[in-house]
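Trainee: Spelled out, the chains give:
Protein chains: 2
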Amino acid sequence: MTNLQKRFKDKNILILGGLGFIGSNLAIRLVDLGAKVTLVDSMLPQYGGNSQNIQPILGRCKINYSDIRDTYSMNYLVKDVDVVFSMAGQTSHIDSMRDPHTDLDINCKSQLTLLEACRKENPSAQIIYASTRQIYGKPKYLPVDEAHPIDPVDVNGINKLAAENYFTLYSKVHGMRCISLRLTNTYGPRQHLSGDSQGFTGIFIRKVLSGEKIQIFGDGKQLRDFNYIDDVVNAFLHCVDEEGLSGGVFNLGAEEKFSLLDFVKELQKHVSFEFDIVPFPEDHKKIDIGDYYADFSKFHSQSGWEPKVLLSEGIKETIDYFRQYSKHYW
Amino acid sequence: MTNLQKRFKDKNILILGGLGFIGSNLAIRLVDLGAKVTLVDSMLPQYGGNSQNIQPILGRCKINYSDIRDTYSMNYLVKDVDVVFSMAGQTSHIDSMRDPHTDLDINCKSQLTLLEACRKENPSAQIIYASTRQIYGKPKYLPVDEAHPIDPVDVNGINKLAAENYFTLYSKVHGMRCISLRLTNTYGPRQHLSGDSQGFTGIFIRKVLSGEKIQIFGDGKQLRDFNYIDDVVNAFLHCVDEEGLSGGVFNLGAEEKFSLLDFVKELQKHVSFEFDIVPFPEDHKKIDIGDYYADFSKFHSQSGWEPKVLLSEGIKETIDYFRQYSKHYW
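In the order they appear, the protein sequences are chains B and H. Counted the way this note's numbering counts, the first sequence spans residues 1 to 330. Counted the way this note's numbering counts, the second sequence spans residues 1 to 330.
Just so you know, these hints were derived from the structure itself, not from any lab. Treat the hints with care, as some may be off.
Treat identical chains as interchangeable: a pair holds within one or across any two.
Straight-line alpha carbon distances no greater than 27 Å define the calculated DSS-like cross-link-like pairs of lysine-lysine that follow [said to hold, decoys possible]:
id, residue 1, residue 2
1, Lys140, Lys298
2, Lys308, Lys265
3, Lys11, Lys257
4, Lys62, Lys316
5, Lys120, Lys11
6, Lys138, Lys298
7, Lys285, Lys172
8, Lys11, Lys327
9, Lys120, Lys285
10, Lys221, Lys140
11, Lys36, Lys213
12, Lys327, Lys298
13, Lys207, Lys221
14, Lys6, Lys172
15, Lys172, Lys286
16, Lys172, Lys257
17, Lys298, Lys213
18, Lys269, Lys6
Small disclaimer: the values here were computed from a predicted structure and weren't measured.
Chain B with its partners taken away, still in its complex shape (with noise of 0.2 Å):
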């Protein structure tokens, strides 16, 4: 038995978002490692929760569908967990500016139901929080640490930063085990594809493989850091037990730096379609953050994790993904 399979072997876990993207993915390879987990999802159409996400542990873990702006289902589903996962949340800095009443529910005040469900009914359980770069805003220096100030540039990261705020809030103040990573730029298989509101990998990857013509915004020359999904699977597993973390905010990213045309040629590698670069829309001008790279020392120093896949690996992973399950997704 592995370190891994005697960490999770027979824990409860809950994962909030867990048809989405990154919860799915965490969800097969806890179930693979003898957990008992919970999916929680609300299937708000947009949002990434796709059942064909779960093919692979259907039976083998529990579904509840439900709201986690929820209050009383909250309450009753953190019961007697060891660990939650909060991964749930609308990714959208666009569709934040559009409809900012909807980002503050989804991704504030859901969090903060958590809370008070885990500080009411569990307060021992470990809450690690999905918390995003998006609230560094556009980068004063390179790489951005997480000494780096704060200065959110759209609805979506201010929202996002008020989440993460509590989760440290309530390590300090109630005492609680809250960990959150402040994710960079993950792609990989179960990535929610559909619409043009997401970022841009999810967009570049259904329009290749749809035989599209795609657009680079800019100059194409924006850097920066990908984490392909098993990398920040793992990096969410690395939180776990880890009482040094508690109350902590880590980045994560990558050693790699490519730009946005070295990802599109990444991706004609494996297919062929044509790109133009054009001038950003006026929407997508006004929140873009330019150059964007991590420093993921502190988390590697404190808790061992380093990413593995190289992009050139991991876009040949997502592609072959998309090309069999392609009708799941858009």
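Start from chain B and add chain H according to the hints.
Mentor: Frame of chain B, contents of chain H only:
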């Protein structure tokens, strides 16, 4: 006609939280300057709305009882106004920890409702938001300027921060004319005095006027800066029509710094009472911030504002007011 009279004569002004402490004092001043003032207040119990507060201007302003979380009435109310002063809010740190969802609704969601209403119905209105020093958390250096790290120590601070971020964002992205003032300890006539979950100034003033003994938490040496209400009202007036301030956040503050003991001794010049110095209760201790005083030079240099009322004068006015009207306040 003074410059201020010229500035405000016949201006349409909306004051949210208009029957509360700061809102009502601002309203009285604006009515006297010839402005057309509409007060909005939900009169939620415990939040300071008090009909006694607006006795001097009854019949000379409009009063609209409604909740600023109510989208439809807000959309209607913001039409055709020149300036919105957003002073409505829940200010108790302790209450925000006990009931965080209500704090989120009132301090965060309501401000988003206001901003969305203005964006849709009146994007050229000027909006001045009453923010708070609470968002800085425990000072890392003194005096605290606007570049000081943001690290709220309670739910109230987290939610007020999110709201302030909305105002700054809507200025940047939507070109709206929003300004946030970060208030420190404001005191004076019409202050909310009932209940024990508000700031210490209100609790002390009520108790000593009721013949009760008061308790100072800690050692009484914590330093604070105090702003008398007339100076705070002037600060809000200084924001109007100052286009250079749009999108900005500004500290208020005072040249004088006082310990809690100093404040109590000022009270003793006007009222006889006893006090005890006792250790912090647990729920206060966790969110206490130690010494705090602000650097308000940014606002001073850009608007010309400076506080003029000494603590000794302000306390005398405050005690005189509440001696006369105590039956309306507790």
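Trainee: All hints are to be evaluated individually against the structure, with a verdict given for each.
Mentor: Okay, the hints, checked on the actual structure:
1. Lys140 x Lys298: Close inside one copy (19 Å) and across copies (22 Å); limit 27 Å.
2. Lys308 x Lys265: Result: close within a single copy only, 21 Å intra versus 64 Å inter.
3. Lys11 x Lys257: neither (36 Å within a copy, 54 Å between copies)
4. Lys62 x Lys316: Neither. Shortest intra-copy (31 Å) and inter-copy (66 Å) distances fail the 27 Å Cα cut-off.
5. Lys120 x Lys11: Answer is within: at 21 Å inside a copy they meet the 27 Å cutoff, but 49 Å across does not.
6. Lys138 x Lys298: So Lys138 and Lys298 pass the 27 Å test inside a copy (21 Å) and across (23 Å) alike.
7. Lys285 x Lys172: Between copies, since 12 Å is at most 27 Å while 38 Å is not.
8. Lys11 x Lys327: neither (34 Å within a copy, 59 Å between copies)
9. Lys120 x Lys285: Intra 43 Å, inter 21 Å, cutoff 27 Å: inter-copy only.
10. Lys221 x Lys140: Within. Shortest intra-copy distance 18 Å satisfies the 27 Å Cα cut-off; inter-copy 38 Å does not.
11. Lys36 x Lys213: For Lys36 and Lys213, the Cα distance exceeds 27 Å both inside one copy (43 Å) and across copies (57 Å).
12. Lys327 x Lys298: Answer is neither; intra-copy 40 Å and inter-copy 57 Å both fail.
13. Lys207 x Lys221: within (20 Å within a copy, 64 Å between copies)
14. Lys6 x Lys172: neither (29 Å within a copy, 51 Å between copies)
15. Lys172 x Lys286: between (35 Å within a copy, 8 Å between copies)
16. Lys172 x Lys257: neither (35 Å within a copy, 29 Å between copies)
17. Lys298 x Lys213: neither (40 Å within a copy, 50 Å between copies)
18. Lys269 x Lys6: For Lys269 and Lys6, neither the intra-copy (40 Å) nor the inter-copy (69 Å) Cα distance is at most 27 Å.
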